[in-house]
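Fit chain B to the supplied structure of chain A, relying on the hints for placement.
Residue numbers (our numbering), protein chains in the order written: chain A, 5 to 116; chain B, 2 to 113.
None of these hints come from the bench; they were simulated from the model.
There's no promise every hint is true.
Listed next, with one range per pair, are the computed distances between beta-carbon atoms [stated by the list, open to error]:
(1) B:Arg109 - A:Ser18: 46 to 54 angstroms
(2) B:Glu57 - A:Tyr43: 28 to 36 angstroms
(3) B:Val113 - A:Arg115: 32 to 40 angstroms
(4) A:Tyr43 - B:Val53: 43 to 51 angstroms
(5) B:Thr97 - A:Gly5: 31 to 39 angstroms
(6) B:Tyr51 - A:Ser18: 27 to 35 angstroms
(7) B:Asn85 - A:Pro116: 44 to 52 angstroms
(8) B:Asp52 - A:Arg115: 43 to 51 angstroms
(9) B:Arg74 - A:Glu73: 41 to 49 angstroms
(10) A:Leu113 - B:Tyr51: 31 to 39 angstroms
(11) B:Gly17 - A:Ala21: 33 to 41 angstroms
(12) B:Val13 - A:Thr74: 41 to 49 angstroms
Coverage of chain A stretches by chain B, computed from C-beta distances (three or more under 8 angstroms per stretch; other residues unrestricted) [unchecked claim]:
(13) 42–48
(14) 103–109
None of the values given here were measured: they were computed from a predicted structure.
Where a beta carbon is used, it is the ideal one built from N, C-alpha and C, also for glycine.
Letter by letter, the chains look like this.
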Amino acid sequence: GNSVTQMEGPVTLSEEAFLTINCTYTATGYPSLFWYVQYPGEGLQLLLKATKADDKGSNKGFEATYRKETTSFHLEKGSVQVSDSAVYFCALTVGSSYKLIFGSGTRLLVRP
Amino acid sequence: DVKVTQSSRYLVKRTGEKVFLECVQDMDHENMFWYRQDPGLGLRLIYFSYDVKMKEKGDIPEGYSVSREKKERFSLILESASTNQTSMYLCASSLTVESGYTFGSGTRLTVV
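Isolated chain B (complex conformation):
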């Protein structure tokens, strides 16, 4: 089974800090995604990547950037954390969209 591992389950950071969320998948998937999940809003796509060093903005990229230096790793960066970025962050990977996404367990980030 494909596994997607997010480095932290819970994080607490201070306003203005630079925050790195790491995601690693072990099945050679081309496509990787970062979503945030908020009550009543469902999942919203932040960024995605369809190849190494390739990235595309999703629906809510403001305040975020990403890095994909190796195929298996996709990092989400909060350049200067703000309280409105307190959320659950979910990473996913896929071979094709039709094959379905495999999600990590999520990182619950609190910015104080």
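Same shape as in the complex, but just chain A:
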């Protein structure tokens, strides 16, 4: 079946540190991959996406590259800010399916 595995949180970093949140997937077929972010008290927002192998999605300083050979879509940011503290969800969809399959989420806490 199709599934997404994310690293366990929480991830705690100091401001301006480098961020990596790991995401790997299992999919029958060729998935589209997404990262969503949920700030405290809010719903999820689409952060970035990639729809085919070797594509790089980017937004707000965050990047992720669709790696078919390692079935991964790791989220990175060169210098995190306190305002990046949130829960990050990796997700995929396959083929003509309407629905997204989410990972369990990784909480990021950035300290000043």
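Below, chain B alone, put in the same frame as chain A:
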């Protein structure tokens, strides 16, 4: 920007009550979704709808039903609320899956 509005941020209901959670989107999206979000479990799909009066079961439909009489409105119904339905409920809509979902702010439901 597309907006998805959930009618209540917080609800407290008694066991056995019939509960209605309302969701409205303002951008003519075909697809609408109901998820529940629980710690450590991520987001799990309850029901989705790809057109008016059309609905499909997600991964955890038991104890829930839905209604979509108009394109902009998608209601989640708990037929007889139970304490294990205490959760955060998130509604989302999308034009296509690749375009990304737009989420509402969520309804935190407590069943006592």
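In ascending order, which of the hints set out earlier in this document are inconsistent with the structure?
1, 4, 5, 6, 7, 11
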